[in-house]
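Peer 1: Those protein sequence lines, which keep their order, are chains A and B. Under the working numbering, residue 48 is the last one in the first sequence; the count climbs by one each step, no gaps. Under the working numbering, residue 357 is the last one in the second sequence; the count climbs by one each step, no gaps.
Honestly, the hints are just simulated from the structure, not real lab data. Among the hints, a few may not be true.
[Claimed, not checked] Restraint-style ranges between C-beta atoms, simulated for each label pair:
hint, chain 1, residue 1, chain 2, residue 2, range
1, A, A22, B, Q91, 35 to 41 Å
2, A, G28, B, Y169, 22 to 28 Å
3, B, L183, A, A22, 40 to 46 Å
4, B, E297, A, L8, 21 to 27 Å
5, B, Q91, A, T31, 23 to 29 Å
6, B, W252, A, G28, 15 to 21 Å
7, A, L16, B, V198, 18 to 24 Å
8, B, K191, A, L16, 25 to 31 Å
9, A, A22, B, L76, 41 to 47 Å
10, B, A298, A, T31, 22 to 28 Å
11, B, Y194, A, L16, 26 to 32 Å
12, A, A48, B, L183, 41 to 47 Å
13, A, L25, B, F344, 26 to 32 Å
14, A, K6, B, L249, 40 to 46 Å
[Said to hold, decoys possible] Sample of chain A residues at the chain B side, in silico, Cβ under 8 Å:
hint, residue
15, R4
16, A9
17, L23
18, G24
19, E29
20, A37
21, A38
22, E43
23, L47
No experiment lies behind these values; they were computed from the predicted model shown. Don't be surprised by glycine CBs; every beta carbon is placed ideally from N, CA and C.
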Amino acid sequence: MSARGKNLAAAGLLALGLGMMALGLWRGEATVVWRKAAQICLECIGLA
Amino acid sequence: MPEKKLPRPAGTGRKRPAAARLRLGVQLGWSALTNGYLAGFVQGKIYTGPAKSLCVPGLNCYSCPGALGACPLGALQATVGSAGYQMAFYAVGFLMAVGAVLGRFVCGFLCPFGLVQDLLYRIPLPGKKKKGKLLPGDRVLRKARYVLLVVFCLLLPMAAVDVVGQGSPWFCQYVCPSGTLLGSVPLLTANAALRSAIGPLWVWKMALMAVLLALGTLYYRPFCRYLCPLGAVYGLFNPVSLYKIRVDEAACIRCGRCRAICGFDIPVWQRPNSPECIRCGRCVEACPTGALRMGFSVHRRPTRYDLAP
Ligand code: SF4
Ligand code: SF4
């Protein structure tokens, strides 16, 4: 793939990623993440 | 393939080159900034504010007492394993967006666990023994991170669910040494109630972490090369990411110095955007002809070879 093609692919992936993030936010996924991250994760620290 | 003896280029002597010092500064600064909740370390608790819903790019356990954001791999497992969600658009989109721009620059500059391993690798071995680059069985072992990504971060959290449809974060639970070192160790040190819950799983995770850290003093970043699913994801983006290494074919003399200095033994002139490359920039510093260029721009820097009469 040419350098230009690679840059275009990266731009496309960036746009797709941002779009997916927006969709995830709309579905309320950030709340799921917050609920997990704002409590001590017992699995992460090896207690559950 | 070495072909020609050249004088040692600037920046590869005993003194650490400016770029390496800058990288260490960025690694330390970023890790401190994203893990700046100091009260957590003192009181044995974690930050619970709204920033915890935002992902940080590196492997940064959200149960680290200082963590101000969320680990993207933890976020991925939490969402795919969450009853009623299964798909993780937010976490996958984040990984895709960061990967498309930076690729594994994240590993070289923005990951606290990568920093830990870089520091371990600096510990000198007794008798000035030489450090290794790749573990025996490297070709096969390298695939393990993809298995961990697919099986432990996606399939098991999605499929092995309890009666209410809730899955577990299998990678965090059974493997992640970042959670053990940066989460478990400081939390349990400061929190007696948590210490009283120690069991066999904790012993397993501590043992695994100890082995990986010990290996990290002998080999360059063994966890990153063989086991990290996050590095595996970002590595897939390396060939196209906007931040990349470019080789000036006309200037490259195939001396092999880039490969010799690379911690992962990458023949940079052949595979400048290998999925293994963490964009540390050591090869760029070492190249005697300035044939390697790393960054968002495409221009080759002029070197003393260009300027020579
Ligand atoms: S491979 Fe994983 S642990 Fe290593 S630097 Fe990258 S994200 Fe961090
Ligand atoms: S190829 Fe260069 S930038 Fe990549 S890991 Fe090796 S030395 Fe670092």
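Peer 1: Give a verdict on every hint.
Peer 2: Here is how each hint holds up against the structure:
Distance hint check for A22 (chain A) and Q91 (chain B): the Cβ-Cβ separation is about 36 Å, which falls inside the suggested range of 35 to 41 Å. At roughly 42 Å, the beta-carbon separation of G28 (chain A) and Y169 (chain B) lies outside the given 22 to 28 Å, and the hint is violated. Checked against the given bound of 40 to 46 Å, the beta carbons of L183 (chain B) and A22 (chain A), roughly 41 Å apart, stay inside it. Between E297 (chain B) and L8 (chain A) the beta carbons are some 22 Å apart, a value that agrees with the proposed interval 21 to 27 Å.
Against the hinted window of 23 to 29 Å, the Cβ-Cβ separation of Q91 (chain B) and T31 (chain A) comes to about 26 Å, which satisfies the hint. For W252 (chain B) and G28 (chain A), the Cβ-Cβ distance of about 34 Å falls outside the hinted range of 15 to 21 Å, so the restraint is violated. The hint said 18 to 24 Å for the Cβ distance between L16 (chain A) and V198 (chain B), and at roughly 20 Å that hint holds. Our hint of 25 to 31 Å for K191 (chain B) and L16 (chain A) holds, since their Cβ atoms are close to 26 Å apart.
Remark: the range hint 41 to 47 Å for A22 (chain A) to L76 (chain B) is contradicted by a beta-carbon distance near 33 Å. Restraint check, A298 (chain B) to T31 (chain A): a C-beta distance of roughly 54 Å breaks the suggested window 22 to 28 Å. The hinted range of 26 to 32 Å is not satisfied by Y194 (chain B) and L16 (chain A), whose Cβ atoms lie roughly 21 Å apart. Taking the beta carbon of each, A48 (chain A) and L183 (chain B) are about 31 Å apart, not inside 41 to 47 Å as hinted.
A beta carbon spacing of about 27 Å between L25 (chain A) and F344 (chain B) agrees with the range 26 to 32 Å that was offered as a hint. Range check, K6 (chain A) to L249 (chain B): about 44 Å between beta-carbon atoms, so the 40 to 46 Å window is met. With its C-beta approaching chain B no nearer than about 10 Å, R4 (chain A) sits outside the 8 Å limit, and its interface hint is violated. Taking 8 Å as the C-beta cut-off, the interface hint given for A9 (chain A) holds, the closest approach to chain B being about 5 Å.
Here the hint on L23 (chain A) is kept, as its CB sits about 5 Å from the closest CB of chain B, short of 8 Å. Here the hint on G24 (chain A) is kept, as its CB sits about 3 Å from the closest CB of chain B, short of 8 Å. Contact between E29 (chain A) and chain B, as hinted, is supported at the beta carbon level, the nearest pair being about 4 Å apart and thus within 8 Å. Given hint, A37 (chain A) at the interface with chain B, holds; its Cβ is 4 Å from that chain's nearest Cβ, closer than 8 Å.
With a cut of 8 Å, the hint placing A38 (chain A) at the interface with chain B holds, because the nearest CB-to-CB distance is about 4 Å. With a least beta-carbon distance of about 4 Å to chain B, the hint placing E43 (chain A) at the interface is held under the 8 Å criterion. At its closest, the beta carbon of L47 (chain A) sits 5 Å from a beta carbon of chain B; the interface hint therefore holds under the 8 Å criterion.
Of the numbered hints given earlier, the model fails hints 2, 6, 9, 10, 11, 12 and 15; all others are met.
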